[in-house]
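K.L.:
Turn these sequences into a full structure, and let the hints guide you.
As you go down the protein sequences, you meet chains A and B in turn. Count along the first sequence starting at 1, add 573, and that's the number in our numbering. Count along the second sequence starting at 1, add 601, and that's the number in our numbering.
FYI, nobody ran anything at the bench for these hints, they're computed from the structure. Just so you know, these numbers come straight off a predicted model, no measurement behind them. All C-beta atoms in this analysis are idealised placements derived from N, C-alpha and C, irrespective of residue type, glycine included. A portion of the hints provided could be inaccurate.
[Unchecked claim] In silico EDC-like cross-links for lysine to aspartate or glutamate, where the CA-CA straight-line distance does not exceed 16 Å: (1) LYS838/B x ASP658/A; (2) LYS838/B x GLU848/B; (3) LYS646/A x GLU722/B; (4) LYS838/B x GLU590/A; (5) LYS704/A x ASP658/A.
[Claimed, not checked] Below, a sample of chain B positions facing chain A; criterion: calculated Cβ distance under 8 Å: (6) LEU667; (7) GLY717; (8) THR718; (9) VAL726; (10) GLY731; (11) ARG744; (12) VAL790; (13) ALA791; (14) PHE841.
[Said to hold, decoys possible] Have a look at the derived ranges for each label pair, beta carbon to beta carbon: (15) ALA583/A x GLU901/B: 47 to 53 Å; (16) PRO613/A x GLY671/B: 43 to 49 Å; (17) CYS618/A x ARG778/B: 49 to 55 Å; (18) PHE841/B x SER623/A: 20 to 26 Å; (19) ALA583/A x LYS823/B: 39 to 45 Å; (20) GLY656/B x ALA593/A: 46 to 52 Å; (21) ALA583/A x ARG778/B: 48 to 54 Å; (22) ARG699/B x GLY605/A: 44 to 50 Å; (23) ASP625/B x THR634/A: 50 to 56 Å; (24) ARG677/A x PHE841/B: 15 to 21 Å; (25) LYS617/B x PRO613/A: 40 to 46 Å.
One letter stands for each residue in the lines below.
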Amino acid sequence: MNGGTEYFPASRPWTEEGGAVRLHGSKCAHCGVAAFPPHPSCPACGAEGSQDTVQLSPVGTLYTFSEIHIAPKGFVTPYAVGYVDLPEGVRLFGQIETPAADLRLGQQVAVTLGPVRADASGRMVISYKFKGLP
Amino acid sequence: MTLAAIAGVGMTKFGKQTGRTIEDIGREALVRAMKDAGVARDGIDEVFCGSSYGGPLIGQRILRDLGMTGIPITNVENACSSGAAALREACWAVKAGRADAIAVLGVEKLTRLGGGTLPLEPTDVEVNLGNVMPAVYAMRARRYMHETGATARHLAMIAVKAHEYGARNPNAQFQNRITVDDVMRARMVADPLTLYMCCPTGDGAAAVIVTSEKRARELGAKPVRVEASVLQSGLYKTGFRDMASSELTERTSALAYEAAGIGPRDVSVAEVHDAFASAELMYYEALGLCRKGEGAAMIERGDSGPGGRQPVNPSGGLACRGHPVGATGVAQIVEAVWQLRGEAGERQVPGAKVALTHCTGGGISGLDHGACAVHVLTS
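P.N.:
This is the structure:
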């Protein structure tokens, strides 16, 4: 372990304001479809070079989740994961800091930042995650 | 519309074969299929070889030691659908008149990769954040259960049925019977999926000889006809999509039914992609074998089990026959042909006339699945 950190994605497409984490997505100026991570062209209508950067909402709805007990090297099991729907029409996959036993479908979750795994050299990888809101 | 005939089939036993090379495993299946068809080395015009983790030139590596190189060999990678996608290429090549007899191979040696979940593409966003194949299915399972009222016991019933059939298949990786309690008490892999609800890691190969109907008659085989061979890929969505159903399987099977001129009720036996028990329930619905939301009722009634209305996965499926990824789509065809010829032994579906095979999968962010192939075969 060498104690350093890295980020995923490396471009760190997010900002933190007063404890709220807002991810930076892309939104097509032509058809309005949003995406995260930001796309260079629109996967919905195919428009190129018309992607605006948008700050996505810091809170979303938990569509579904699981708790993983067998995982590749670098991940500490068990860990909860899920799909979170943001109001902009984007569905994100991510780890959830809240124990799976305390999660339920349809609940509100907040975007946060934290370690998701260790890389091959033992450095922690920081990325966006979620935590359940009461 | 008849595309081609299957003149011969063969497979290895599926399971951990750590003492053999992947080439050796592939050759065994190919030689069995050629003997079954009664076709000699010089009777094969082309080869399509499906494998996901077999590495470069897997087909050539298998054929080299049989002295069969020189002819066109095409290697096909499409994750779990690799073998089924290879078969589709062969069927349409025969239909186009380009070849009279094509050997299709599906081969994989997953024990080369070490244990655990399948390695996925490291550039994928979700893979970087810790998604694994069991979790992909587990999250869909939870949503499906939430929307339909199906329970973990229904998933366990699928696993029990798979083992009942596996016990009747001498080529299956697992040939032991288990109970619902065994499944429920087993180690958790990705909640709600326990170990017995997940397909195993294993090695194996399957091969079929695809010919024109004329060549099949000349070979004197009891030919089986391929009436539909359809491949589709998942749609990319950055937004919301219904994960409690499979749009990709619905779309692919609808095209296959149309091409074959049949409906779901005409299917006597189906081999479906039960990589995880929850998927089999969802695919009953997506393939139209039951109505939406009634997958749990179908397994409760025993419709898909021995003696049922429409037996599903009499081979034991991916759960028990095993799932050497690229081999699976071809192994499903081998089982379908045995069923249609009445050669399936203890697991024979009486009077099977129409068989459907369904092979899908591939973990990739934003898609239902990477690929889906559906074949319809008739006797």
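K.L.:
Decide, hint by hint, whether the structure agrees.
P.N.:
Now for the hints, and whether the structure bears them out:
{"no.": "1", "hint": "LYS838/B x ASP658/A", "verdict": "13 Å, holds"}
{"no.": "2", "hint": "LYS838/B x GLU848/B", "verdict": "12 Å, holds"}
{"no.": "3", "hint": "LYS646/A x GLU722/B", "verdict": "14 Å, holds"}
{"no.": "4", "hint": "LYS838/B x GLU590/A", "verdict": "29 Å, violated"}
{"no.": "5", "hint": "LYS704/A x ASP658/A", "verdict": "14 Å, holds"}
{"no.": "6", "hint": "LEU667", "verdict": "37 Å, violated"}
{"no.": "7", "hint": "GLY717", "verdict": "6 Å, holds"}
{"no.": "8", "hint": "THR718", "verdict": "6 Å, holds"}
{"no.": "9", "hint": "VAL726", "verdict": "6 Å, holds"}
{"no.": "10", "hint": "GLY731", "verdict": "5 Å, holds"}
{"no.": "11", "hint": "ARG744", "verdict": "4 Å, holds"}
{"no.": "12", "hint": "VAL790", "verdict": "5 Å, holds"}
{"no.": "13", "hint": "ALA791", "verdict": "5 Å, holds"}
{"no.": "14", "hint": "PHE841", "verdict": "6 Å, holds"}
{"no.": "15", "hint": "ALA583/A x GLU901/B: 47 to 53 Å", "verdict": "50 Å, holds"}
{"no.": "16", "hint": "PRO613/A x GLY671/B: 43 to 49 Å", "verdict": "44 Å, holds"}
{"no.": "17", "hint": "CYS618/A x ARG778/B: 49 to 55 Å", "verdict": "53 Å, holds"}
{"no.": "18", "hint": "PHE841/B x SER623/A: 20 to 26 Å", "verdict": "22 Å, holds"}
{"no.": "19", "hint": "ALA583/A x LYS823/B: 39 to 45 Å", "verdict": "59 Å, violated"}
{"no.": "20", "hint": "GLY656/B x ALA593/A: 46 to 52 Å", "verdict": "47 Å, holds"}
{"no.": "21", "hint": "ALA583/A x ARG778/B: 48 to 54 Å", "verdict": "51 Å, holds"}
{"no.": "22", "hint": "ARG699/B x GLY605/A: 44 to 50 Å", "verdict": "46 Å, holds"}
{"no.": "23", "hint": "ASP625/B x THR634/A: 50 to 56 Å", "verdict": "52 Å, holds"}
{"no.": "24", "hint": "ARG677/A x PHE841/B: 15 to 21 Å", "verdict": "19 Å, holds"}
{"no.": "25", "hint": "LYS617/B x PRO613/A: 40 to 46 Å", "verdict": "44 Å, holds"}
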